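Put the complex together from the two separate chains, hints included.
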Amino acid sequence: MLQIDLWKRLLIWTTVAVGLVLALPNLFYPRVEQYNDAMAAIELTGETPELLEQSGDWPSFLPSGLVNLGLDLRGGAHLLAEVQVEDVYAARLEALWPEVRDVLRPERDTVGTIRLQPSAANELRVRISEPDGMARALELVRGLSQPVVSLTGALSNDLEVRADGSDIVVTLSEAEQLATDERTMMQSLEIIRRRIDEVGTREPTIQRQGSDRILIQVPGIGSAAELKEIIGTTAQLTFQPVVGRGTDAAASPGVGNEILPSLDEGGVFYTLEQVPVVTGEELVDAQPSFDQNGRPAVNFRFNPAGARKFGDYTAANIGNPFAIVLDNEVISAPVIQSHIPGGSGIITGNFTVEESTQLAVLLRAGALPAGLEFLEERTIGPELGQDSIEAGRIATIIAFVAVLVFMGLSYGLFGLFANVALIINIGLIFGLLSLIGATLTLPGIAGIVLTVGMAVDANVLIFERIREELKTAKGPARAIELGYEKALSAILDANITTFITAVILFVMGSGPVRGFAITLGLGIMTSVFTAIFVTRLLIVMWFERRRPKTIEV
Amino acid sequence: MRLRLVKQNTNFDFFSRWKLWFGISGVLVVLAFVSFLLQGLNYGIDFRGGTTIRTESTQPVDVGAYRDALTPLALGDVVISEVFDPTFGPDQNVAMIRIQAQEGQEAVTPEVIRAVEAAMVAVVPDIQFVSVESVGPKVSGELIQTAAIAVLLAIGAVLIYIWLRFEWQFALGAVAALVHDVILTIGIFSELQIKFDLAIIAALLTIVGYSLNDTVVVFDRVRENLIKYKKKDLKEVLNISINETLSRTFMTSATTLLALIALFVLGGDVIRGFVFAMIWGVIVGTYSSIFVASAILLWLGVKRDWTKPTDTTGNQFSGVDA
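Chains A and B supply the protein sequences, listed in that same order. Everything in the first sequence is counted per full-length UniProt numbering, starting at 1 for the first residue and increasing by one. Everything in the second sequence is counted per full-length UniProt numbering, starting at 1 for the first residue and increasing by one.
Only chain B is shown next, with the shape it has when bound in the complex (with noise of 0.2 angstroms):
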């Protein structure tokens, strides 16, 4: 017996409510936004500049005692947080501190580290510091330029590529879902205030392609269905693609999150962050391949004469063989 996570021949009716559909990811994509606008991302040092501080001790971390010690530097915004993991051994303690970016000084300055080091060392004898990370404030304000250019690129790029290989309406269909879904990560991001650094950016991108990887699926079935069913409506159409991908939908989303979430729960507190972003962003680029990038279609309606042997019809592809 063969384990299935979608019975066969689903006959599911997608669309039968897709304004509804349209509207909740609509008001997430608001709440996202006014989230943002808010609170704000909680920005790590990589895109607002300062240092940060990991340090390890046998003794438990005592928050209070940690920011006593650093009051007297005068450092201005100091963020100490324990760091807990269970991949952590029984006597590792592990914290966190932050110091903003010290005012006027483009690069960083060993003296405040060794300032702190010591001042650590005064309140816990055996305390190790793993990682000291600083970035100066100009990198960091080109590091968050990069990062906002890099997004916009990746999804330029993959807007002109779907739309060589489709319709207009498939280019746009898909770009929806992809902003969706960069929108939607960000939200999370500002609403938890989970750290945001360069390597949430990377999550993004891996968003933005796991999320087309999804669509482009569905897509490809739409146009090969768009040619068998000529006489049929564009919804029942839509219909009938997404339902035949449904059971490789899953197949795919299960594994990639099985594997994802392997690395969440194991794969240690430094790249929690990361994964979290992607176990996100494949849950959010799965729903939104079906109910926005398929929407969009059905909102915009697609040419439906595809009998004309153009390039961009069928498996131009299927001339290459093992």
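With the rest of the complex left out, here is chain A (with noise of 0.2 angstroms):
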């Protein structure tokens, strides 16, 4: 009749063991908190007295996994960015002139003289003079193009190369933009990292989002402007060759030029060749110093190929300015002295202190390969992340003591049986949220609240079954046998149903939702381990022991 085997005993006791423990370490949170900075930090830089006394605070042999707490909990910045991959298209084309013009340059007999034209951010426009040179002008163009292997494994060229009147123009091909954006994003992703990390923040979240967005969490941090400044839009560097200067921003710059204001004289404009002679890809070290007359200032360093075409360029332009740019404004313009050779330099302009730190920093993290557009940012200050803990913590506690009271009083005995598996369903959707390192939100406490509502529905759907029972059948051990048998199919339709809801949440929601839809799914399965399992080896090991003639439930 009522028999469980000793082994399911085991199991199920184990089960729970196990839950309980991994759920610990979330009693003493701060504790562990600082115990796991200390193991993290004797990791990174070794051992010091003072780690290792903050370490001794937790025993090494208790798991020390802990429950995340969200952003809304524990108060920091989120923001969700767009990648302009387009943006890495008008580079690599416009990166892409030079070479054609040295690939024609040879024929100029057949293909005549070779002109930039305006072209759009997406295609290069080059003008021939004799059209009749055009096939022999595609051809040797065409040759620039290398293979790509596209996604669907077909191998194409990476440029499209075609004709239209006199001029040739040239496109990335499909199957390289998608390969660029990948690489792109990539790029993006571990650059926003680098900088985040260099700052030193605890568990930040860096997650790309569908195909194109980045979405960035970092706890602790005072505001989202505050994480965009880290983040930078883009600090790209540049340095170009000077044509002009003038203070008219409008001014026609001329074909294959652009008009970049200044940064610090305001109302002048530079106009500068748009083919940038060396980019801040191309820099491997940037330090904050300080010039000859002591003012704030940069330091940098080429890798070798840069220091080269920086030094040839030097070396054939001494007398002639060029710009330093930095996302599309001109910092300074220095005339050329000298031939640079060792491929170092300084940047001078009129920074503080901290100014030059930011720009070293931004300088040697890499520049990010496109612009960030920023589609959501949310502050969460801490003050409110601890007032909606404390405020979920005082409702939680009242919400479990008004279930308990209100359980104990309608069911007797059994409800005590159903408040200690309700106990122990709460450890275990702690100890699981532990485990897979899942993140608490508002929300999500609010989800645990209605597990501790809902989960003792199971229980419920079995006692009164077992009522039901009791009035027909032959005994109590009997009774309480059918009660579980017969409730079952309900629970179990019952709770799937509610799953369905809580996994497709999980797949759509995010954020918060999704920290939501995590403790409702967890506490269904807990809920339902519990009711059939735990609360059922309860009644049957009271049974066993009092063997009543009578029960009342």
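Keep in mind that the hints are not guaranteed to be accurate.
[As the list claims (entries may be wrong)] Chain A stretches covered by chain B per the calculated footprint, using a threshold of three residues with CB under 8 angstroms from any CB of chain B: (1) 373-384; (2) 388-398; (3) 435-446.
The set of hints was computed from the structure by calculation and includes no laboratory data. Just so we're clear, the structure is a prediction, and the values are computed from it rather than from any experiment. Beta carbons are placed, not taken as given, at the ideal position from N, Cα and C, and that holds for glycine.
So this is what it looks like as structure tokens:
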């Protein structure tokens, strides 16, 4: 009749024990957090007496996984950025112009003069003066393209070259665009991660979302604006030849040139050649320093390729100015005094010490390959998070106690069994949350409270059923058995349907909603487990000891 | 003496006036629709874009002064409201400032936020900005779309699951009850103009889950009783089933409501709208599993011959034991 095999009993108790031990660290949250930080620091920088003392706060044989607190509970900043992947196409095509020019130049006799035409961002337009030479020109330019493997595995070329009247139009092929997007995203993620790590903050979330978005969540940071400053927008550093200087922003720059404002001198605009001599990508190091007049400046060094280009250019253009451009603003436009062979230099401008330090950090971390557009930003102050935790904790305790009392009053001894199961249930939820490293959000707390309310449902179903069976069945043991048996299909159907909605919430939702879905889903699993295994085991154990002739549910 | 919400062996006739209840539900659904069409929902920034700033200060909130401070910035539609909550301390004066999405700007501009903060500090020197949230119109458009898809997907998945486990009449009944609950919840949000944001979508889906939970328990009993009482007519079987599960229905609703009310009163204002939606959903969901889901079952009729041992019969989980 009411029998449960020993191994099943052991399995049930082991599961409960493991769950509860996993949940244990959360009761000592600050201490375990300090322990974890200390352990991480020891691993990173070696042992110090102070760190060792902190790591002694928590016995190392116990699990130390904690439930992560979401931004709405801990405070911090959240950004959703869209990477402007098309930016990279323009830069790629722009960089192609010298190559196109070099490949066509030897064939002047056939193609005539070669001139760069104003082009849209996603194409490169080059005009040749001899239309008869078009076929030859196309052939030569096509020779520049390289094969790429597209996602479908089909081999295709990275460039598409076609003739449009007397223009040669070069665009990136679709496969190349996809491959470029992918690279841009990987680079952006990596650079953002490095920049945030450089500030040293706990558990930042940097995640790719969809094809071109990045979600950044940093707990404990003051504001989203601060976070944006750390990430920077692009920090694109280029060195461009100067064509002229003026005060008219709307002047026609001429083909292949652009007009950019000066950073410090108001109303001054420089006309620059669009194609940079060297870009920030070729930087290997940048350090804040001071110039000979003691003003803050940034020292930089190029990699060998960059150093060679920079050296060649300075050697050929002594006496001419060149511009140091940061994010489309001219920081300074010094005149080249001499050949600079070593590949290192200094950027001076009207910097403060903080600005020069910031600039050095940005340059060192590398430029973001494309601009970021921020679609969503949230700042939650730590006080608000603290208030929410406090309110959530009180509400959960009150809800918990109310349900415990209510169950006790309604079902007597059986109610107590259900209550023990409910307490185990909450422990298991926290254990599972810690185990999978899930994040607890404010709606997540609501999910737990809801689970407290709904978790008893399975027990209620069973107890009500036992009551009914007691009226007809022969003896209490049979009634308990039938109660469990007959309530099972209702319990499973009801919980599976709720679980389906939790899964859909998890898949479709984001942020706090997802946190809610996790606690709801885990809550359903643990409550079904505790109702059909734990309370049953408790009741069976009680029954075996007492062997009551009658029971009252 | 045990606490009993429902006395034993009730024998209410739930379907003597089922057409009336049906009518009432119908009217409520229509009212909810009309309210939704006329007033629309009070969408939070998640769904329409814009910025909300939550401020805190030791000085009492003066909405007029706040408004005067922000008017010169010409930010379009600015809504300022004071927030009251029993969990606040005596010197905690909280206000919410909501600014519409700025024309022609996809991204959120820190300049606007900085300007607003500067203007506010000029009026209330000790003001703190405890949270600042901005959502661009592009994302908010997608969020609302995803949310709608999530709700529809949930309803669709449930329809299929119940159809598989029961019969199509049950599935229709359950889904009608769900749609009824969702519409009434949206209706009350539109009628009371409570802020409708992403968390409310989570609440809606939970309501879907809860309402189903309730409906499935009743249906499970109906299925069992249809086999047990082959001779009784459907109305009687439904009545017996609902009466038998009534005690459980009230117990579960009561415990859930107890927990939710604790959260509603003590959980702070940030999630109050969310909890309100769930409380409303539990009440409506309990009602609808009897007066909508079962009523539809009665209206559609069901197959009475469950004797053939098909997979969908009775306790297919009865082989599972502890």
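Checklist entry - Out of the numbered hints, which ones does the structure contradict? => result No numbers; nothing is violated.
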